[in-house]
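Asks: Build out the structure end to end from the sequences listed, making use of the hints.
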Amino acid sequence: MCGRFTSTTPASELADFFETETDLSDGIENYNVTPTSDVAVVHQDPSGQRRLDLMFWGLVPSWAESPAIGSRLINARSET
225 MCGRFTSTTP ASELADFFET ETDLSDGIEN YNVTPTSDVA VVHQDPSGQR RLDLMFWGLV
285 PSWAESPAIG SRLINARSET
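Going by my numbering, 256 is the number at position 32 of the sequence shown; the sequence numbering is gapless.
Hint data in this document are derived by calculation from the structure and do not stem from the laboratory. Glycine is no exception: its CB is placed at the ideal position from the N, C-alpha and C atoms. Hints are not guaranteed to be accurate.
Stated by the list, open to error - Pairwise CB distance ranges, derived in the manner of DEER restraints:
1) E243 to W287: 34 to 44 Å
2) L297 to D240: 30 to 40 Å
3) D247 to P291: 14 to 24 Å
4) S249 to W287: 18 to 28 Å
5) S290 to F242: 29 to 39 Å
Replies: Put into structure tokens, the structure is as follows:
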């Protein structure tokens, strides 16, 4: 998995492109997104509507005591 990326598109432009609803305001752009950052994600909510929301980026296993472990598991692999 890549360790960093940029997210430079304003929320309003993302919402228009994906034809989705959002409560996010512009200003979510980030030129240094790292594991454990919140990033804009398009997903389907429980009612079946497409939404644009901020979500935690990283792998946090069920046994983790803290979400902070997500930054240490960024290069986890399923292969041996």
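Asks: Are the hints correct? Go through all of them and say.
Replies: Results of checking the hints against the structure:
1. E243 to W287: 34 to 44 Å: 38 Å, holds
2. L297 to D240: 30 to 40 Å: With Cβ atoms ~34 Å apart, the hint holds.
3. D247 to P291: 14 to 24 Å: Holds, at about 22 Å.
4. S249 to W287: 18 to 28 Å: 36 Å, violated
5. S290 to F242: 29 to 39 Å: 32 Å, holds
Hint check: a violation occurs at hint 4 only; the rest are consistent with the structure.
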